[in-house]
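> Residue numbers (the numbering used here), protein chains in the order written: chain X, 1 to 309; chain B, 1 to 309.
Don't read these hints as lab results, they were simulated from the structure. Virtual Cβ for every residue (Gly too), placed ideally from N, Cα, C. Everything hinted at is true.
Which chain B residues face chain X? A few, computed with CB under 10 Å, are given here: (1) I13; (2) P22; (3) S25; (4) R27; (5) V28; (6) D30; (7) G61; (8) L66; (9) E69; (10) P87; (11) V92; (12) D96; (13) T99; (14) D101; (15) Q104; (16) L105.
Single-letter residue listing:
There are 2 protein chains.
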Amino acid sequence: MILTVTLNTALDITYRVRSLRPHTSHRVTDVVERPGGKGVNVARVLAALGHEVTVTGFTGGATGRLVQEQLTAVPGLVDALVPVTGPTRRTVAVVDELTGDTTQLNEPGPTVTSAEWSAFQEAYEDLVAAAEAVALCGSLPPGVPVGAYAGLVRAAKAAGVPVLLDTGGEPLRRGVAARPDILKPNADELAELTGSHEPLRATQDARRRGARAVVASLGAEGLLAATPEGRWRATPPARVHGNPTGAGDSVVAGLLSGLADRLPWPDRLTRATALSAATVRAPVAGEFDRPLYEELLNRVTVTGEATAA
Amino acid sequence: MILTVTLNTALDITYRVRSLRPHTSHRVTDVVERPGGKGVNVARVLAALGHEVTVTGFTGGATGRLVQEQLTAVPGLVDALVPVTGPTRRTVAVVDELTGDTTQLNEPGPTVTSAEWSAFQEAYEDLVAAAEAVALCGSLPPGVPVGAYAGLVRAAKAAGVPVLLDTGGEPLRRGVAARPDILKPNADELAELTGSHEPLRATQDARRRGARAVVASLGAEGLLAATPEGRWRATPPARVHGNPTGAGDSVVAGLLSGLADRLPWPDRLTRATALSAATVRAPVAGEFDRPLYEELLNRVTVTGEATAA
Numbered sequence: 001m002i003l004t005v006t007l008n009t010a011l012d013i014t015y016r017v018r019s020l021r022p023h024t025s026h027r028v029t030d031v032v033e034r035p036g037g038k039g040v041n042v043a044r045v046l047a048a049l050g051h052e053v054t055v056t057g058f059t060g061g062a063t064g065r066l067v068q069e070q071l072t073a074v075p076g077l078v079d080a081l082v083p084v085t086g087p088t089r090r091t092v093a094v095v096d097e098l099t100g101d102t103t104q105l106n107e108p109g110p111t112v113t114s115a116e117w118s119a120f121q122e123a124y125e126d127l128v129a130a131a132e133a134v135a136l137c138g139s140l141p142p143g144v145p146v147g148a149y150a151g152l153v154r155a156a157k158a159a160g161v162p163v164l165l166d167t168g169g170e171p172l173r174r175g176v177a178a179r180p181d182i183l184k185p186n187a188d189e190l191a192e193l194t195g196s197h198e199p200l201r202a203t204q205d206a207r208r209r210g211a212r213a214v215v216a217s218l219g220a221e222g223l224l225a226a227t228p229e230g231r232w233r234a235t236p237p238a239r240v241h242g243n244p245t246g247a248g249d250s251v252v253a254g255l256l257s258g259l260a261d262r263l264p265w266p267d268r269l270t271r272a273t274a275l276s277a278a279t280v281r282a283p284v285a286g287e288f289d290r291p292l293y294e295e296l297l298n299r300v301t302v303t304g305e306a307t308a309a
Numbered sequence: 001m002i003l004t005v006t007l008n009t010a011l012d013i014t015y016r017v018r019s020l021r022p023h024t025s026h027r028v029t030d031v032v033e034r035p036g037g038k039g040v041n042v043a044r045v046l047a048a049l050g051h052e053v054t055v056t057g058f059t060g061g062a063t064g065r066l067v068q069e070q071l072t073a074v075p076g077l078v079d080a081l082v083p084v085t086g087p088t089r090r091t092v093a094v095v096d097e098l099t100g101d102t103t104q105l106n107e108p109g110p111t112v113t114s115a116e117w118s119a120f121q122e123a124y125e126d127l128v129a130a131a132e133a134v135a136l137c138g139s140l141p142p143g144v145p146v147g148a149y150a151g152l153v154r155a156a157k158a159a160g161v162p163v164l165l166d167t168g169g170e171p172l173r174r175g176v177a178a179r180p181d182i183l184k185p186n187a188d189e190l191a192e193l194t195g196s197h198e199p200l201r202a203t204q205d206a207r208r209r210g211a212r213a214v215v216a217s218l219g220a221e222g223l224l225a226a227t228p229e230g231r232w233r234a235t236p237p238a239r240v241h242g243n244p245t246g247a248g249d250s251v252v253a254g255l256l257s258g259l260a261d262r263l264p265w266p267d268r269l270t271r272a273t274a275l276s277a278a279t280v281r282a283p284v285a286g287e288f289d290r291p292l293y294e295e296l297l298n299r300v301t302v303t304g305e306a307t308a309a
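One chain only, chain X, in its complex shape (with noise of 0.2 Å):
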């Protein structure tokens, strides 16, 4: 089993209105309505992948109920999201039908109390202890402690169970240090990390930060790995045009399911590449064209070389 954290979990709504016009009122054509947030993306690319995938972070409230409903039928899939008072948060993207360009809004989830806090670390010991592989993913929401993380990818690690780790800011600062055995971040997380805006270095320097590897997603150039058994770039063979949002959640998932199958690292970057891209076609986080994805499997250029053994 793959365990995915997501602290902040939330109901992804995909509103489509014809022109998007403040301070005037539209009417909805057209409503979808997903389990969101960073780590369920990843959940539901595993499971579609055909792994056996574990879900936890918080849910509360109406809103915390529909998710789970909604997990809940995902096959391979299982809830153990720990429950908290506040209410799960929502997502509102708004799709304007004339020019494709889409608004959010998001709500800033459930404060989250020191006790839940505790409930929930104790909980994913639990699931750790029988996981293969962990992801950490996405931002926390008010309440959990910025150095979450940290104490996280630690316990993961005393139970010897692979973690990576995907986030921003204070809380990947703080994570990195707790030496995850996976990083990945995005060019502008890369670069808050590191300092540095040149992407070959700052993998480099984030893995001296205390990352057993970086794989560094790119958008359309692909990715960038710096890992102890080598450094690879994996570029799709050309841009597709679509909804970039998910594609990072499907470069982790890509990954993870590469170690579940114990591929070599350069058919873990051909797998996330693919993956990522086919997300972008795909219309919502969470989900891929899976045509487009068993195409560029085939279509995908990794260059690199490995670590002289």
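Mind docking chain B on chain X? Use the hints.
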């Protein structure tokens, strides 16, 4: 018991953002949720005035359950919503903190099947038999026949229960022909119904089309009433600044409250005008500023004359 009918119930969500800019991402700083739909607003105001109120209409899905939970928490209010398969709609009002302006996003609501509409009509007839007055409020959800209100008006009249209609467009045109006791159009609805933008003439014309009494709500200019007992104009002492959403619903609540208390028309109009202005001062529809309401009761001006007996 006063019965209010809201065929298109809603969960009204209000988001505050610092400044709404299309095609960017926003952190919502404050989230407020209220059960909504025009008849629900009317019911909440009536309950706050001390009346026993029953709410009917449709409820579906997780949003419907949330609406029902919140309704049953209101003292004096009974939930008699009829279940449908489709989900109750949400409305999202995005308040821009810089300008104070609101951008509205309204989901379409569930599609009601003919079996669901029949079940509602049966439940309605039972409820009407126990009611002292009925209010039919707001738009029709998809699937409900455009002549729906005409049938509901006729059923109330057959039961000998006074019925007020507050809607627009074709449902209003059909409904007025069924001879409701009170019609409560706003200036736009009245002009659309009668073709006249001259309110005095238009209220008379709406009576000729079938309404026993017509009370037009003219925003800050107050109310214009044409009834078998006489014609009046009710005017608040000064313009109240605030959020006009729900002001019309509070007019309906004031008229029904006065009817239930057997007040003469001028006193009903005073109550409705004061409630409406006090609702503009409240942050959300279905609520009112009680000290302002009580102060305005003594300061509303009613002019006009009773019909010679």
